[in-house]
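Chain order of the listed sequences is A and B. So the first sequence is residues 0 to 146, counted in numbering that gives the first Met the number 0. So the second sequence is residues 0 to 146, counted in numbering that gives the first Met the number 0.
Calculated directly from the structure, the hints in this document are not laboratory data. Incorrect hints may have been included.
Away from chain B, derived, C-beta distances all over 10 Å, residues of chain A [to be verified]:
(1) R36
(2) V53
(3) F81
(4) R117
(5) T127
On the chain A side, residues computed to face chain B include the following (Cβ under 7 Å) [unchecked claim]:
(6) S60
(7) G126
(8) Q128
Glycine included, C-beta positions come from ideal geometry on N, C-alpha and C.
2 protein chains.
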Amino acid sequence: MDHIDRSLLARLQQDATQSYAALGQAVGLSAGAAHERVRKLRERGVIRRTTAEVDPAALGSGVLAYVMVESSAWMGESADAFAALPEVLEAHVIAGSASVLVKVRTATTEQLQDVLRRLYAIDGVSGTQATVVLETFFERPVDPTAV
Amino acid sequence: MDHIDRSLLARLQQDATQSYAALGQAVGLSAGAAHERVRKLRERGVIRRTTAEVDPAALGSGVLAYVMVESSAWMGESADAFAALPEVLEAHVIAGSASVLVKVRTATTEQLQDVLRRLYAIDGVSGTQATVVLETFFERPVDPTAV
DNA sequence: CCTTCTGGCCGAAGAGCATTCGGCACCTCG
DNA sequence: CGAGGTGCCGAATGCTCTTCGGCCAGAAGG
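Using the sequences and the hints given, assemble the complete structure.
See below:
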């Protein structure tokens with residue numbers, strides 16, 4: 000995992016459709032060598048998958064909110080309960096007064112309210128505190144060249 | 000944008016490396032027709048880009064935190080100031096007591112503290128409240144088939 | 001009703017690319 | 001010194017992307 004690998008990762012984050020020839024030229028390697036490095040990055044799990052990034056607004060999910068979920072019990076085994084709600088895009092166990100933080104996308108605020116209702120229905124959940132996003136400045140992946 | 004487009008999006012989210020032949024077969028189209036649909040989805044901006052998903056832990060960013068940023072001024076034009084910090088992966092203007100919510104990844108809690116210091120240095124920022132993530136249940140993209 | 005136009009699909013063909021392989025250079029360790 | 005391992009190059013082959021002409025169905029308009 001040297002600076003060449005990091006550069007390859009950064010370029011694949013920007014555009015995973017480019018050819019290995021172009022990729023290799025950008026970092027000073029042949030197409031075969033670039034391919035081999037990328038193959039190993041996948042094998043080691045550094046590259047989890049290559050995916051199409053879809054615009055949420057195009058799918059009708061115009062409302063973004065973060066919800067602090069308070070609980071009266073240990074939530075460490077509740078991942079599946081949160082994953083069962085398709086509108087929940089992220090779920091994290093956090094330190095602090097709440098116990099779980101979730102990221103939610105819905106089409107309308109009415110649907111957001113419905114998600115809150117379903118969150119309440121999860122075992123151990125005793126309260127929620129929603130924060131609605133007014134404008135997103137940016138969302139981006141980790142920078143492999145900056146770490 | 001019918002159910003075939005949504006199915007194509009869902010499959011491309013899971014694996015953007017598969018061939019158009021496989022993609023077409025999965026939705027009952029020829030390779031050429033599948034390619035044409037995907038091309039238009041890109042053209043319309045529904046597919047923003049195709050990207051390699053990198054494991055943050057592999058890059059040494061093992062600490063994830065959400066930071067509520069309080070401000071004493073209008074922050075609507077401060078996107079660039081937040082984008083200048085590479086550790087800041089998301090920045091949103093929010094409704095509520097704080098005014099900006101940012102997502103931060105660093106290698107250590109010491110570096111997190113340094114990011115907080117740099118956040119304070121942004122014009123108009125009057126306070127921060129960091130929430131450290133103990134365990135991430137999951138992070139996933141929007142589900143095109145569920146909306 | 002019939003014509004015309006548009007949009008989407010199929011199937012084929014050519015160009016371009018991914019993937020593999022042998023060979024070579026370099027480094028490390030016995 | 002020699003053996004093993006690693007990483008790279010350059011070429012070959014097989015597959016894929018990409019484009020194109022032709023076809024069909026449905027809409028629009030006379």
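query: Out of the numbered hints, which ones does the structure contradict?
result: 2, 3, 7 and 8
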